[in-house]
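*Asks:* Order-wise, the sequence lines are chains A and B. Using the working numbering, the letters of the first sequence correspond one by one to residues 848 to 947. Using the working numbering, the letters of the second sequence correspond one by one to residues 42 to 596.
Hints are supplied without guarantee of correctness; some may be wrong.
[As the list claims (entries may be wrong)] EDC-like, lysine to aspartate or glutamate: derived pairs with alpha carbons at most 20 Å apart:
(1) B:89 with A:870
(2) B:149 with A:870
(3) B:125 with B:87
(4) B:300 with B:313
(5) B:589 with B:544
(6) A:930 with B:495
(7) B:522 with A:908
(8) B:375 with B:544
(9) A:930 with B:525
(10) B:242 with B:296
(11) B:149 with A:887
(12) B:89 with A:899
(13) B:375 with B:190
(14) B:375 with B:277
(15) A:930 with A:920
(16) B:589 with B:539
(17) B:149 with A:908
(18) B:89 with A:884
(19) B:149 with A:920
(20) A:930 with B:521
(21) B:376 with B:360
[Stated by the list, open to error] Take a look, some chain A residues computed to stay more than 10 Å from chain B by CB distance:
(22) 866
(23) 878
(24) 883
(25) 884
(26) 887
(27) 893
(28) 895
(29) 910
(30) 915
(31) 924
(32) 927
(33) 929
(34) 931
(35) 941
The set of hints was computed from the structure by calculation and includes no laboratory data. Predicted model only: the values in this text are computed from it and were never measured. Ideal placement from N, C-alpha and C gives every residue a C-beta, glycine not left out.
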Amino acid sequence: MSTKAKARPATAPVVFTANRLRDGRVVWFGAEGTWRDRIDGTTPFAPAAAEEGLALAQQGERDQQVVGVYAVEVDPAGPTPLKFRERLRVQGPSVAAEAA
Amino acid sequence: MNALTPPQYARTYRYDEIDREFLQERIAEFRGQVERRLAGELTEDEFKPLRLMNGLYLQLHAYMLRVAIPYGLLNSAQLRQLGKIARRWDRGFGHFTTRQNIQFNWTKLEDVPAMLEALAEVDMHAIQTSGNCIRNTTTDEYAGASPDEVVDPRVYAEILRQWSTLHPEFTWLPRKFKIAITGAPHDRVAAQVHDVGVLAKRNERGEVGFEVHAGGGLGRTPIIARKLRDWVPEAEFLAYMEAVLRVYNALGQRDNIYKARIKILVRDLGDEFTQMVEREYERMPRDKYRLDPEIVAAIAAHFAPPPFAALDDQPLPEDPEFRQWAEASVRAHKKPGYASVTISLKPIGGIPGDASAEQMEAVADLAERHSFGEIRVTHVQNLVLPHVRQEDLHALWQGLRAAGLATPNIGLISDIIACPGMDYCALATARSIPIAQRISERFASLDRQHDIGECFINISGCINACGHHHVAHIGILGVDKRGEEVYQITLGGSATNDAAIGELIGPAFSYDAVVDAVETLITTYIAHRAAGERFIDTYRRIGVMPFKDALYAPA
Ligand code: HEM
Ligand code: SF4
Numbered sequence: 848m849s850t851k852a853k854a855r856p857a858t859a860p861v862v863f864t865a866n867r868l869r870d871g872r873v874v875w876f877g878a879e880g881t882w883r884d885r886i887d888g889t890t891p892f893a894p895a896a897a898e899e900g901l902a903l904a905q906q907g908e909r910d911q912q913v914v915g916v917y918a919v920e921v922d923p924a925g926p927t928p929l930k931f932r933e934r935l936r937v938q939g940p941s942v943a944a945e946a947a
Numbered sequence: 042m043n044a045l046t047p048p049q050y051a052r053t054y055r056y057d058e059i060d061r062e063f064l065q066e067r068i069a070e071f072r073g074q075v076e077r078r079l080a081g082e083l084t085e086d087e088f089k090p091l092r093l094m095n096g097l098y099l100q101l102h103a104y105m106l107r108v109a110i111p112y113g114l115l116n117s118a119q120l121r122q123l124g125k126i127a128r129r130w131d132r133g134f135g136h137f138t139t140r141q142n143i144q145f146n147w148t149k150l151e152d153v154p155a156m157l158e159a160l161a162e163v164d165m166h167a168i169q170t171s172g173n174c175i176r177n178t179t180t181d182e183y184a185g186a187s188p189d190e191v192v193d194p195r196v197y198a199e200i201l202r203q204w205s206t207l208h209p210e211f212t213w214l215p216r217k218f219k220i221a222i223t224g225a226p227h228d229r230v231a232a233q234v235h236d237v238g239v240l241a242k243r244n245e246r247g248e249v250g251f252e253v254h255a256g257g258g259l260g261r262t263p264i265i266a267r268k269l270r271d272w273v274p275e276a277e278f279l280a281y282m283e284a285v286l287r288v289y290n291a292l293g294q295r296d297n298i299y300k301a302r303i304k305i306l307v308r309d310l311g312d313e314f315t316q317m318v319e320r321e322y323e324r325m326p327r328d329k330y331r332l333d334p335e336i337v338a339a340i341a342a343h344f345a346p347p348p349f350a351a352l353d354d355q356p357l358p359e360d361p362e363f364r365q366w367a368e369a370s371v372r373a374h375k376k377p378g379y380a381s382v383t384i385s386l387k388p389i390g391g392i393p394g395d396a397s398a399e400q401m402e403a404v405a406d407l408a409e410r411h412s413f414g415e416i417r418v419t420h421v422q423n424l425v426l427p428h429v430r431q432e433d434l435h436a437l438w439q440g441l442r443a444a445g446l447a448t449p450n451i452g453l454i455s456d457i458i459a460c461p462g463m464d465y466c467a468l469a470t471a472r473s474i475p476i477a478q479r480i481s482e483r484f485a486s487l488d489r490q491h492d493i494g495e496c497f498i499n500i501s502g503c504i505n506a507c508g509h510h511h512v513a514h515i516g517i518l519g520v521d522k523r524g525e526e527v528y529q530i531t532l533g534g535s536a537t538n539d540a541a542i543g544e545l546i547g548p549a550f551s552y553d554a555v556v557d558a559v560e561t562l563i564t565t566y567i568a569h570r571a572a573g574e575r576f577i578d579t580y581r582r583i584g585v586m587p588f589k590d591a592l593y594a595p596a
């Protein structure tokens with residue numbers, strides 16, 4: 848699951864997500880430049896800076912900290928992912944028995 | 042290993058020392074690989090194929106470990122151990138799947154070697170649960186118990202397991218390969234939608250032979266299998282299977298993942314595929330592949346019947362609540378005085394196929410007490426205790442009820458198959474579990490469910506169709522429409538002898554509207570049904586239009 852370097856140009860601000868190597872848990876990366884457990888409070892990259900952000904985030908793969916880095920378009924309030932799939936990634940499963 | 046050694050009569054295949062040594066070597070090897078990965082000596086590109094070979098996927102929220110349950114058979118010690126694994130290394134749950142396996146959804150990479158060791162203690166592993174190899178062969182959950190059984194399919198499922206495990210020629214097939222085998226005329230294994238579906242039967246002389254179907258499948262291109270042979274004699278079984286696999290291995294389209302399954306090859310070649318298999322089979326050194334009667338007998342000995350007592354059939358106690366459960370869950374057994382019991386893993390509003398560690402332990406105990414320590418996993422994501430004394434049924438029911446496992450909905454509308462969907466699966470385009478939960482809550486009234494009668498609803502969270510939606514009476518497929526989940530409905534599918542792919546009924550429904558749509562389908566069925574008709578019968582008689590009109594008529 849190394850990152851495919853394609854990606855259409857971002858049209859909204861982005862943060863990056865990946866799974867932590869050691870335990871697989873979802874982590875988030877913003878302009879602060881560190882991988883965090885929570886998306887809340889991360890600073891998104893502006894669309895124009897998305898590529899630069901990706902390069903920084905991918906360093907986490909080369910350092911064997913994280914797996915499967917990809918960009919997530921967000922509403923900067925929160926920030927909150929624009930797509931449903933990544934909102935679930937933030938919240939954990941929507942099913943009660945195993946809330947994150 | 043003594044405490045964990047299954048009792049003498051628990052009929053799972055017993056490993057020998059060679060099997061056990063092999064497992065230990067594999068675990069040691071994978072432990073080394075995990076350590077090197079964590080130390081940064083292996084990249085993800087290098088490690089991914091290695092972890093997949095050991096059943097470890099990376100999903101949406103965590104790693105997932107898929108554990109093989111050969112042809113869905115477990116003994117009490119194994120189920121108890123799965124419960125222990127769920128408690129210690131997952132969040133106290135395991136998820137039973139349509140391929141009769143179990144998945145742990147919150148696995149940590151660093152814990153996997155220890156989890157594999159715990160599995161090996163009870164002769165279990167996660168090998169060949171991923172990748173382009175021959176996967177776990179599935180079979181009838183009532184094997185060895187059902188009155189309509191002609192041949193015990195476990196014997197041949199085990200022969201297939203031994204043949205396909207680490208088979209050097211077939212570890213890199215064009216794509217994954219799934220075999221299902223049944224030994225009863227009533228197909229309970231969805232044989233016709235597998236890569237190969239086998240119906241074991243007997244001729245007039247009582248000899249065992251096999252009807253072989255190939256090229257069935259679901260996913261993006263659902264296809265009903267083609268019958269290759271009406272009769273393959275027992276001794277030639279492996280030779281013939283080998284011939285099928287060889288033709289596929291040589292000609293399957295490796296360059297296009299969407300066309301790589303055997304179903305595409307069989308569809309495109311038609312009868313020519315059958316002829317090619319026959320020619321390959323004629324050419325093979327058949328002596329080398331001969332299945333000797335002694336080998337069959339030695340394996341069959343592992344599945345000898347448990348020590349049944351000589352009993353008579355018993356009337357069931359009057360208790361109405363018990364009666365309702367028994368009507369849904371208890372099935373006739375070939376031995377007088379015995380019955381098979383299906384345990385619902387579909388509580389109203391629950392997650393289909395999930396069982397907690399405590400529930401696994403409770404079922405393990407009840408199986409020990411009432412079913413010779415045997416448990417089966419069904420492709421409908423339930424569990425079965427195959428051999429229960431009728432006189433014990435009431436006590437068993439009380440035990441199940443105490444564990445929250447006595448929902449009397451087997452075969453009814455809330456007995457839903459659902460894949461993990463977007464709540465867990467990285468490939469998903471929509472959620473499936475909450476749809477199942479909401480449908481089951483909508484039809485919570487058991488009296489209503491019993492009135493509706495047999496109705497199969499299957500839900501998949503993407504076109505891969507792990508939830509078998511194509512072959513449901515009512516199939517639901519979640520797709521992504523501009524970042525939102527919507528649900529397509531198909532009607533009229535069937536997974537049994539009259540296998541059929543459901544028909545798409547019209548435009549998709551939103552997450553909020555899909556449960557109402559199901560209810561509309563059911564009320565339409567009730568309005569039109571003739572006496573004794575199931576949903577599928579009414580659908581076949583009146584066709585799709587009345588359902589379409591009810592769903593899409595302008596308000
Ligand atoms: C956890 C992640 C899973 C992944 C990544 C996954 C992946 C896939 C893919 C890619 C296919 C399509 C194969 C093809 O058309 O060539 C497929 C089909 C299928 N999977 Fe899964 N699956 C997952 C979980 C499950 C689960 C939980 C079950 C059982 C409940 C399951 C059972 C099946 C079945 C029955 C099919 C359709 C039959 C077939 O075409 O093989 N899968 N899966
Ligand atoms: S059908 Fe799709 S969403 Fe469901 S488990 Fe399979 S791959 Fe995942």
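*Asks:* Give a verdict on every hint.
*Replies:* Taking the hints in turn, this is what the structure says about them:
As the CA atoms of residue 89 of chain B and residue 870 of chain A are separated by approximately 15 Å, the hinted pair is consistent with the 20 Å bound. Of the pairs offered as hints, the one joining residue 149 of chain B and residue 870 of chain A holds, with about 4 Å between alpha carbons and a cut-off of 20 Å not exceeded. Of the supplied pair hints, the one linking residue 125 of chain B and residue 87 of chain B is violated, its CA atoms being roughly 31 Å apart against a limit of 20 Å. The hinted pair formed by residue 300 of chain B and residue 313 of chain B meets the criterion: a straight-line CA distance of about 18 Å does not exceed 20 Å.
Of the supplied pair hints, the one linking residue 589 of chain B and residue 544 of chain B holds, its CA atoms being roughly 11 Å apart against a limit of 20 Å. Straight-line distance between C-alpha atoms of residue 930 of chain A and residue 495 of chain B comes to about 38 Å, which puts the hinted pair past the 20 Å bound. With a C-alpha separation of about 31 Å, the suggested pair residue 522 of chain B and residue 908 of chain A falls outside the 20 Å cut-off, and the hint is violated. Proposed proximity of residue 375 of chain B and residue 544 of chain B is contradicted: the alpha carbons are some 37 Å apart, above 20 Å.
The hinted pair formed by residue 930 of chain A and residue 525 of chain B meets the criterion: a straight-line CA distance of about 8 Å does not exceed 20 Å. Between residue 242 of chain B and residue 296 of chain B the CA atoms are separated by roughly 37 Å; this puts the pair beyond 20 Å, and the hint is violated. About 24 Å separates the Cα atoms of residue 149 of chain B and residue 887 of chain A, which puts this hinted pair outside 20 Å; it is violated. A C-alpha spacing of about 27 Å is found between residue 89 of chain B and residue 899 of chain A, which places the hinted pair above 20 Å, so the restraint is violated.
Between residue 375 of chain B and residue 190 of chain B, the direct Cα distance comes to roughly 8 Å. Compliance with the 20 Å bound is thereby established for this hinted pair. A distance of roughly 29 Å separates the Cα atoms of residue 375 of chain B and residue 277 of chain B; the hinted pair therefore is violated under the 20 Å criterion. Proximity of residue 930 of chain A to residue 920 of chain A is assessed by CA-CA distance (about 8 Å); at most 20 Å being required, the pair is judged to hold. Under the criterion of a C-alpha separation no larger than 20 Å, the hint pairing residue 589 of chain B with residue 539 of chain B is inconsistent with the structure, at around 23 Å.
At most 20 Å may separate the alpha-carbon atoms for a hinted pair to count; residue 149 of chain B and residue 908 of chain A meet this at roughly 18 Å. For the hint pairing residue 89 of chain B with residue 884 of chain A, the CA-to-CA distance comes to about 23 Å; that exceeds 20 Å, so the pair is violated. Pair hint residue 149 of chain B plus residue 920 of chain A does not hold up; C-alpha atoms about 28 Å apart against a cutoff of 20 Å. Between residue 930 of chain A and residue 521 of chain B, the direct Cα distance comes to roughly 10 Å. Compliance with the 20 Å bound is thereby established for this hinted pair.
Pair hint residue 376 of chain B plus residue 360 of chain B does not hold up; C-alpha atoms about 24 Å apart against a cutoff of 20 Å. For residue 866 of chain A, the requirement that its beta carbon stay farther than 10 Å from each beta carbon of chain B is not met, with the minimum near 6 Å. Listed as a non-interface residue, residue 878 of chain A keeps its Cβ farther than 10 Å from every Cβ of chain B; the least gap is roughly 24 Å. Look at residue 883 of chain A: its CB is around 16 Å from the nearest CB on chain B, clear of 10 Å, so calling it non-interface holds up.
With 10 Å as the threshold on Cβ separation, the claim that residue 884 of chain A sits away from chain B holds: the shortest Cβ distance comes to roughly 12 Å. Non-interface status of residue 887 of chain A relative to chain B is upheld: no Cβ of that chain comes within 10 Å, the nearest being about 17 Å off. Consistency note on residue 893 of chain A: stated as away from chain B, and its beta-carbon is indeed over 10 Å from all of that chain's, at 21 Å minimum. At roughly 23 Å, the least C-beta separation between residue 895 of chain A and chain B is larger than 10 Å, which holds for a residue marked as non-interface.
For residue 910 of chain A, the requirement that its beta carbon stay farther than 10 Å from each beta carbon of chain B is not met, with the minimum near 7 Å. Its beta-carbon lying about 7 Å from the closest one in chain B, residue 915 of chain A breaks the requirement of being farther than 10 Å from that chain. Residue 924 of chain A, annotated as away from the interface, keeps every beta carbon of chain B farther than 10 Å; the closest lies near 17 Å. With a cut of 10 Å on Cβ distances, residue 927 of chain A stays outside the contact zone with chain B, its closest approach being about 13 Å.
With a cut of 10 Å on Cβ distances, residue 929 of chain A falls inside the contact zone with chain B, its closest approach being about 7 Å. Remark: the non-interface label on residue 931 of chain A conflicts with the geometry, its nearest Cβ contact in chain B lying 6 Å away (cut-off 10 Å). A beta-carbon of chain B comes within 10 Å of the beta-carbon of residue 941 of chain A; the shortest separation is about 6 Å.
The structure fails to meet hints 3, 6, 7, 8, 10, 11, 12, 14, 16, 18, 19, 21, 22, 29, 30, 33, 34, 35 from the earlier list, while all remaining hints are met.
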